[in-house]
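**Student:** Please build the complete structure, drawing on both the sequences and the hints.
Protein chains: 2
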Amino acid sequence: MTNDIKKVFRNNGKSFTGLRSSLLDILGAASSPLSPKEIRDSFSLNKPDLASIYRNLSLMESLGIVDCVDLGEGFKRYEISRPESHRHHVICRSCGKIEDVHECGLQEMEKKIFRTTGFKTEKHRLEFFGVCAVCRK
Amino acid sequence: MTNDIKKVFRNNGKSFTGLRSSLLDILGAASSPLSPKEIRDSFSLNKPDLASIYRNLSLMESLGIVDCVDLGEGFKRYEISRPESHRHHVICRSCGKIEDVHECGLQEMEKKIFRTTGFKTEKHRLEFFGVCAVCRK
DNA sequence: GGGCAAATTGCAAATGATTTGCATTTATGC
DNA sequence: GCATAAATGCAAATCATTTGCAATTTGCCC
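Heads up: the protein sequence lines correspond to chains A and B, in order.
Oh and the first sequence: position 13 is 12 in numbering that gives the first Met the number 0, straight run, nothing missing.
Oh and the second sequence: position 78 is 77 in numbering that gives the first Met the number 0, straight run, nothing missing.
Since the hints were made in silico from the structure, they are not lab data.
Among these hints, one or two may not hold up.
What the hints assert, rightly or not - DSBU-like, lysine-lysine: derived pairs with alpha carbons at most 35 Å apart:
1) A:Lys46 with A:Lys36
2) B:Lys46 with A:Lys111
3) B:Lys96 with A:Lys119
4) A:Lys111 with B:Lys136
5) A:Lys122 with B:Lys5
6) B:Lys122 with A:Lys75
7) B:Lys136 with A:Lys110
**Tutor:** In structure tokens:
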């Protein structure tokens, strides 16, 4: 599977570097989307420059390898793209925990938008904010 | 109706200033959410300082008078809050036009999230990206 | 309407995320 | 291995947003 990823880079004239490999490892191991700073902090040694992290996240986003998640915090987060399981998030305003929401019931809504306005949706962004089960106790 | 708005300010110990009145006029006349800069550009004369615009948008958001919309452009947009018609947006990647989507079929999804995870949602953010009817021609 | 205290504004400087230029280093094709 | 193109680190720039503070405006009482 790493090979499939390598091909994506190769097929687009990009190298599969040590940094890129590490970034993917870190994002792959994360249980919720990470910010560029959090990603940098995940390196114990030889922390890469933030500029390189930003450049790589942009690149990998354009290659469809990672997805950008904006929770309105003033910075962006990134997660591994898993097209087979389109994801949204729920964010707890009390503890800040971010959980995934796997299913997405928006197809019906997208169809309706198309029928009524002619707008052809290609992607959407959906995040929920509230209080998680633990914090509600 | 302006009086109702005035009361919101007064009841929270805030003045209803000329700037605040103008900001509400501008946002009220806009057909899609505006950025702080766009708002400033709407003034022909005596353009207010961006800092004041930012301060007032934050204030009015906390008072529930305006809503913040983040389309992932790297800055925020604001629109008059109309609780009676909860809105989302569709953004055309070709011409940049932003249209409203009035109905929202997410209650079912929020119920399901609550049933399965115990997460109590309080609000959500939903935007669609794609191509509008005009640009598809 | 005038006067005062509190709230608001403008301006300049600070902050924080993200981007860019460029010299150095690393990866790829031969 | 070598030459070349791509990637990285570092410093400086950029852009949205925030903050401190002095000057101005507003709300309120007379």
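**Student:** Compare the structure with the hints numbered earlier in the document and write down the numbers of the violated ones, lowest to highest.
**Tutor:** 2 and 5
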